[in-house]
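Engineer: Just so you know, the protein sequences line up as chains G and B, in that order. For my numbering, add 135 to where a residue sits in the first sequence, where the first one is 1. For my numbering, add 1 to where a residue sits in the second sequence, where the first one is 1.
Worth flagging that the hints you see were computed from the coordinates, not collected in a lab. Computed from a predicted structure; not experimentally measured. There could be a bad hint or two in this list.
Said to hold, decoys possible - Quick list of the computed label-pair ranges, beta carbon to beta carbon:
1. 168/G to 25/B: 26 to 34 Å
2. 25/B to 457/G: 56 to 64 Å
3. 25/B to 272/G: 45 to 53 Å
4. 272/G to 161/B: 15 to 23 Å
5. 222/G to 67/B: 29 to 37 Å
6. 365/G to 124/B: 54 to 62 Å
7. 222/G to 129/B: 22 to 30 Å
8. 311/G to 68/B: 54 to 62 Å
9. 404/G to 124/B: 49 to 57 Å
10. 165/G to 71/B: 53 to 61 Å
Claimed, not checked - Pulled from the structure, derived: some chain G residues nowhere near chain B, Cβ distances all over 10 Å:
11. 180
12. 229
13. 238
14. 460
Note that beta-carbon positions come from the ideal geometry of N, C-alpha and C, so glycine has one too.
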Amino acid sequence: MKDPELLYLVGGVVGVLLIATLVTKFLIRKSGETAVLVNLRQRVNAWWWMMVVFCSSLALGRTGVFGFYALLSFLALREFITLSPTPRGDHRTLTWVFFLILPLHFLFAAAPWWGMFLIWIPVYSFVFIPIRSALAGDTDRFLERTARIQWGVLTCIYFLSYLPMLLYLPIPGYEGQNAKLLFFVVLVTQISDVMQYVFGKLFGKTKVAPKVSPSKTREGLLYGGAAATLIGTSLWWATPFTPAVAAGMSALLVAAGFFGGLVMSAVKRSLGAKDWGRGIPGHGGVLDRLDSLLFAGPLFFHVVAYYFGTNMHEVYKQPQWMHDAMRLWMGS
Amino acid sequence: MTGVVLAFLVRLATGVRLLGDVPEDGKRRIYFANHSSHLDFVVIWAALPGRQRQWTRPVAAAEYWEKTPLRRWLASHIFKAVLIPRDLARMRSEDPLGKMLEALDAGADLIVFPEGTRSDTGEVGPFKPGLHHLATKRPETLLIPVFLENLSRILPKGEALPLPLMGQADFGEPLPGPLEGESKGAFLERARGSVMHLSHGHLIPATPDEGS
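Please work from the sequences and hints to get the whole structure.
Structural biologist: Pasting the structure below:
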């Protein structure tokens, strides 16, 4: 964390959380411990913890960041599979998913071995998963079971891992500063969630999809999304973008965050649950907090890579140390 | 100390929460639960507050827990299990119910699985009569139903590696002992019902998401 701009970002978040804590205290003193306010206090407290953990992972460097997202991915997948009714026949498949596919993916990502990072999940794992389940011999609802596991692996492992991968995105003139880009994505997406929630509570009238998510309103999306885009634009100095591009990228994050949350909410309800888990007091499960980042991460990554014309040819090469290790092992 | 750490690790791995409130009323308790996994009694044991855990003893199959030195050590030193033979010949010579009553009289709480064996289907099977016997012989004992959710998915019968999914242990209100004129079968069915009653979809929805 030698980058002063990163410290400004952290300082800004601490400031906002301090204000949120004080406002919550004031509201509770004024109107007593109503259910909404107690939940608000829980949420703010949880935000402090999440902020501390997130920033600590950044301070620990690449290992810290990739370790942190591997753990988040593990917890998210755990919540996802817990709520999905997977029968006995999936046990061995899931053992491979949790203990081999997931850690290997984050190893490839951290290396970074770009080619494997890109295809380990959608090609190798997605071929392996149905094979292992078929070998288990249970044909009952086979396609649904396979699709379920693949969807969990795709969102909770693959999509999520694009966030730490932002550290490696080669951007001319922005070398060594990518941690701020990760901070920017998480900050804008999460602020957008908070703003949509706040503006939805204040002005919300028209529900976007009442069956899927009763808390998502058109007013919340418009005003909250606009506020988050403004905040994102005002942070252009910490990004490789001009203010106008920062505005566009923020709007992209707002939209992707909104739809990520909406889709994951639909998945959650199709599984008959209200929350993904109970890991974070006031928020629900880890996935309840991460849902908006699932689509935002990969979309943002590839749009930025395209915008800066990142040379994907370079990107497909195996890292040198892994290349050497392989040769040593093969004995040539 | 090993016990405290182990209980913490079990809760961490299975997502089962520590029970906040077991009143210290000096009454003996029998926790009875559905049985679907080797994890079952460990999870109930780990969910109990530390003090209760010291005098709570699971009733477990002797054949399984006497097999290896590690299991023997765990059973005798950590869980202080009351080991009951499944083998008929041994059953006759060792009087399993007598052992359980003895443990209760010595001030222990018990964890029992009245189905007798792990269910493979996720259903709660019929209860064996042992619980009725304990409840009639020691009527002052509190009978606490416990429903264990998802543990059969974490570690199903016949699997060696557990999945890191989240489970749950729901503790119910004490079940009234055998009533006047209630047959053994009716009591056992009522006990089974009290366990199943706790299963009303907390963690896993009752019906899968077909068609929605």
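Engineer: Output the indices of the hints that this structure fails to meet, ascending.
Structural biologist: The structure conflicts with hints 9, 12, although it agrees with all the remaining ones.
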